[in-house]
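> If you want the building blocks of each chain, they are given just below.
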Amino acid sequence: MNKLAIVSLCMSFLVLANSGCTVQPVKAWERGDLARSEMAFEPDATEAGYRDHVYFSKEASSGGATVGGGGCGCN
Amino acid sequence: MARRHANALLALTSSALALPGISSKSHAASPAAESQVDYRYSSYSEDDLSRSKTSNPDTRRYEIDTHQFRLVRPWGDEYDVTVDLLYETMSGASPWFITPGANNQPIQVMSGATIDETRIDMLASLRRYYGNETYGVSLGVSDEDDYQSINLGVEAQWDIDEQQRSYSLGIGYSDDDLEPTDGASAAFPDRISDASKDSLTAYAGVTQIINAQTTVQSSISFTRHDGFLSDPYKLAFVNGTTTNDSRPDGREQFAWFTRFRHFFTNLRAALHLDYRYFEDDWDITSHTAEAAWYQNLGDGWQVVPSIRFYSQSQAFFYAPFYGQARTDGFASSDYRLSPYGALSMRFKVSKAWAGWKLSMSWEEYDSDAGHAIGDVDVENPGLVDFSVISFGISKRF
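Read top to bottom, the protein sequences are chains A and B. For the first sequence, the working numbering assigns the number 1 to the initial residue and increments by one for each residue that follows. For the second sequence, the working numbering assigns the number 1 to the initial residue and increments by one for each residue that follows.
One chain only, chain A, in its complex shape (with noise of 0.2 Å):
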């Protein structure tokens, strides 16, 4: 792996991360793309879920903004 795409990749994000700082007021009416699917933060639950429980059963890593769910004894 390219160390220098990695480093691009999280600079980019903090980067992005930070320009959005300044909070504006956003009234409801103002939030037709915020709502689209695409903007929510996990679009397909389906999807998500399965995703995450390859990536706990195959790493060392597990952790987020979430909890319940089911244990298993994956390969």
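Careful, some of the hints might be misleading.
As the list claims (entries may be wrong) - Straight line, CA to CA, 35 Å or less: simulated DSBU-like cross-link-like pairs of lysine-lysine:
no. : chain 1 : residue 1 : chain 2 : residue 2
1   : B       : LYS351    : A       : LYS27
2   : B       : LYS351    : B       : LYS395
3   : B       : LYS357    : B       : LYS395
4   : A       : LYS27     : B       : LYS395
5   : B       : LYS357    : A       : LYS27
Since the hints were made in silico from the structure, they are not lab data. On a predicted model such as this, the values are computed, not experimentally measured, just so you know.
For this one, chain A is given, so just place chain B on it according to the hints.
Here is chain B on its own, set in the frame of chain A:
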């Protein structure tokens, strides 16, 4: 012979991501406006092991077929109910232990194609939306021949500042029981016959609408595992002989997870950026970064290319094999505890019309010591590469 690993709880993260409310939306929480039914089929297939990395003549690994069903239904003005069902069949072989080869090159010994297992997972959740407050409870069970889990979660969310910011809290508990196949049998007298573990997790998060096209969510979570955390089916090669996989009976984990969403109005596209930092008291530290681009093409078509990068350091007691036993008695050669990195590419296409949505996705996952952020002295030969193909259909009504 079914062979299962003792990986503890997935629970407190995975299925809950499937919950509709609190933390999955980018705007203020509200009950589901209409019912929705989803079905998804996924085919998971691990690449064959390189012949130079194993002593087994059969280099095939693991395959899983998964069926998921999901129902979300509003209940009155203040509630919604979600039910998730999962059924999957698993077959193939998995890493067993590692021996030193020529020049101490690690050689993976596989289990042989002995795994033949099914898993059923059910999760039900109820949420109440009350003004600017949302409360949720969930109850789930997961059942395999040699592994049972029951879990419970509660969550709450408070919207403030005209629902431009929300705070959320959650606590989850999972109680897991293992009864390894052939445990304490004549064939495997050293394998445990049964064991248990439990896991407690808590998180706190904040979601902020930055402007009419941008939102950010950040959360921290703590998880504590207690009980049997070793893998009852794996062995470690110590001082010329094999011994049971042995790990500490406690593990504390911390994760910081941040997600960024921005909608490009002129392009009719959404950018997703996710980052997670993870560490635990087994000395594992990891970084996960993911970027996805949701491009609308018109007439209900959408394409989503994405890339995910992952890198982790090793557990303090991990080694491919051991010249001498550790003084603390721990020993594990599980590739999951080894230092490595992984790169995953994914592509999804979907078509929506009249309440229906069809989707198809493909993912290719490649793990390698060379993908790790830090230098890796010895790559674990059992690192996994896999591909996933999924088909989904959903209907709103």
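> Each hint should be assessed against the structure and marked as holding or not.
Each hint, compared with the structure:
For the given pair, LYS351/B sits about 31 Å from LYS27/A by alpha-carbon distance, which is consistent with the 35 Å threshold. Restraint check for LYS351/B and LYS395/B: satisfied, since their Cα atoms lie roughly 12 Å apart, inside the 35 Å limit. Using a Cα cut-off of 35 Å, the hinted pair LYS357/B and LYS395/B holds, with the two alpha carbons roughly 6 Å apart. A C-alpha spacing of about 30 Å is found between LYS27/A and LYS395/B, which places the hinted pair at or below 35 Å, so the restraint holds.
Between the alpha carbons of LYS357/B and LYS27/A the distance comes to roughly 30 Å, so the proposed pair stays at or under 35 Å and holds.
Hint violations for this structure: none, all hints satisfied.
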